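Start from chain A and add chain B according to the hints.
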Amino acid sequence: MQAEGLVAEEIEAGYGKVQVLWGISASVASGESVVLLGANGAGKTTLLRVLIGLLPARQGRIWLNGEEITHARPDRRVRSGLAYMSELGVFGGLTIEENLLIGGQFLPAARLRRSMAKLYEIFPVLAERRRALASSLSGGERKMLGIAKALAAEPKVLMMDEPSAGLSPLFVSEVVRTLKQLREGALAMLIAEQNIAFLDLADRVYTLEGGRVRFEGTVAAMHADNALHRSYFGLS
Amino acid sequence: MPNYVRDFVFVLLPLLVLLGVLPFFYRNELLLFNFTIYFALAQGLNVIYGFTGYLPFGYVGFFGVGAYGFALAIIHLTTSPALALAIAGLAALVLGVILIPLLRLSGAYFAIANLAAAQAVYHIVSNPDLQDITKGPYGVSLANVFAPRLSYYSALAITALASVVVIWFRNSRFGLALQAIRDDSLSAAMAGIPVVRQRTIAWLLSALIAGLTGGVFAWHISVFYPETAFDISISIFALVFALFGGATTLLGPVIGVLLLYGLYNLIGITIPQYFQLIYGILIVVLVLFLPQGIVSLVSRRGIRVP
Chain A
208 MQAEGLVAEE IEAGYGKVQV LWGISASVAS GESVVLLGAN GAGKTTLLRV
258 LIGLLPARQG RIWLNGEEIT HARPDRRVRS GLAYMSELGV FGGLTIEENL
308 LIGGQFLPAA RLRRSMAKLY EIFPVLAERR RALASSLSGG ERKMLGIAKA
358 LAAEPKVLMM DEPSAGLSPL FVSEVVRTLK QLREGALAML IAEQNIAFLD
408 LADRVYTLEG GRVRFEGTVA AMHADNALHR SYFGLS
Chain B
1281 MPNYVRDFVF VLLPLLVLLG VLPFFYRNEL LLFNFTIYFA LAQGLNVIYG
1331 FTGYLPFGYV GFFGVGAYGF ALAIIHLTTS PALALAIAGL AALVLGVILI
1381 PLLRLSGAYF AIANLAAAQA VYHIVSNPDL QDITKGPYGV SLANVFAPRL
1431 SYYSALAITA LASVVVIWFR NSRFGLALQA IRDDSLSAAM AGIPVVRQRT
1481 IAWLLSALIA GLTGGVFAWH ISVFYPETAF DISISIFALV FALFGGATTL
1531 LGPVIGVLLL YGLYNLIGIT IPQYFQLIYG ILIVVLVLFL PQGIVSLVSR
1581 RGIRVP
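Note that the protein sequences, when read in sequence, are chains A and B. Okay, so the first sequence: first residue is 208 according to the numbering used here, each after it adds one. Okay, so the second sequence: first residue is 1281 according to the numbering used here, each after it adds one.
Next comes chain A alone, as it looks inside the complex (with noise of 0.2 Å):
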């Protein structure tokens, strides 16, 4: 197990009688991308909510940093690093300041205004908008604005569920370029998704089929996979 990032081992969890994982083991060291694919339904909202804390496993073990977190709160797991930016997205009835502010409350207030002027660089177009309410925001300017309340807590590994979710492939291109830039960092990325335009970022991949992980590797090595191609991407 490494040190720095994020491990989950042999991970159980569903809804009451339903089971929706079935023993799933990931990894996302620190300074690594990586892409969770797969399609409806295959369990990447599921494992993302049961490694931030809001689904309990059944079964398995999670490390954050080589500290176990598997029984820790939400909130701990944000205090220790992690962060999550859901599909939801932002909270529409706050400003884009307030939003920022939300999502690094566990930092010193002096920290937390170093970290917001930096998000404000790397996302002027919140920068001009600041005092805006978040509901007054494109759906793209939104997503910018899930991402920036994730990185306002400086976290070390950053989770996204469907960053592309309800975009335009030009804003899917905008949202891969800034995520691109947050790369070069020691940040460990996980991000799920459905639409292969991340796997530009990702340094390995892992494809979610029926709970189970059906492929772990790079992106050369999952092209090469003739059989999984098929099957994921309908190509031959």
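Calculated from the structure, these hints are not laboratory results. Please read these numbers as outputs of a predicted model, since none were measured by experiment. C-beta atoms are modelled at their ideal positions from N, C-alpha and C, and glycine is treated no differently. Each hint should be verified, as a subset may be incorrect.
Claimed, not checked - To give an idea of the interface, some chain A residues facing chain B are shown, with a C-beta separation under 7 Å as derived from the structure:
#1 Pro-281
#2 Asp-282
#3 Val-285
#4 Ser-293
#5 Phe-298
#6 Gly-300
#7 Glu-305
#8 Leu-308
#9 Ile-309
#10 Gln-312
Claimed, not checked - To give an idea of the interface, some chain A residues facing chain B are shown, with a C-beta separation under 10 Å as derived from the structure:
#11 Arg-256
#12 Arg-286
#13 Ala-290
To be verified - Calculated Cβ distances over 10 Å to all of chain B for the following chain A residues:
#14 Glu-211
#15 Glu-216
#16 Arg-384
#17 Glu-391
#18 Glu-423
For chain B alone, kept in the frame of chain A given last:
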């Protein structure tokens, strides 16, 4: 000047000074007391509705329990009014703890369940079989501790306390996190906000404010019945005042109480036959055109309202 200091200096301080000196110039002390009570209740309701979105139609339950907590402490324990007030707050807190499971509900379901809970407490208190303890439907008399001036200033202190809680919520990460929970509790949990704990703190603070207000109400009027202390119109008034002025702000409920309770007393006396009509029209107009309250006339232009 930090926002919390500005809120205190420009809203709370003038209100406290005004209410503090008015009894020396204005003889209708009961009216002033009622204003003070509604300032406290509207802010207490603001704490739970404005910052978490829960609509407590049964808010009067905490008020009534506070009133009876005070009265029964005086009658059975022969405590001082100060200690009885603490017991009033504690009684409301206990009811708040019992009702914590209601926070699992939302929207109309929460409002109805909360109303039913307040009614249940009312029926327990007014039960003739409990006459030895609660005096049942026959009411209580606290003539031996009657102290109108002291109880008035105690009510003012509770208004100050309720307002300070709102100032804290308005200007702290805690209050911001509550607003995030109100917006979307699931996303708030994903952002690492301890949703259940923060909601519960707001709920109990709101209950405490209503309980203390009920206690000081019992002290001031000194003779009352279960239907006085558990009158549903107390909930409705506090709610309408907070909404009319603008919830989630300190100034909104103050404006709401000043305008609507002022109007209530004015038209209720001069043209009582049109009172319900005028009041109803006013509320309908507000809901249609200013759903965020009167303060939204300013806040929608990007100006911060205290």
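Going through the hints against the structure:
no., hint, verdict
1, Pro-281, "holds, 6 Å"
2, Asp-282, "holds, 4 Å"
3, Val-285, "holds, 3 Å"
4, Ser-293, "holds, 5 Å"
5, Phe-298, "holds, 4 Å"
6, Gly-300, "holds, 5 Å"
7, Glu-305, "holds, 6 Å"
8, Leu-308, "holds, 6 Å"
9, Ile-309, "holds, 5 Å"
10, Gln-312, "holds, 5 Å"
11, Arg-256, "holds, 8 Å"
12, Arg-286, "holds, 7 Å"
13, Ala-290, "holds, 8 Å"
14, Glu-211, "holds, 20 Å"
15, Glu-216, "holds, 23 Å"
16, Arg-384, "holds, 25 Å"
17, Glu-391, "holds, 25 Å"
18, Glu-423, "holds, 26 Å"
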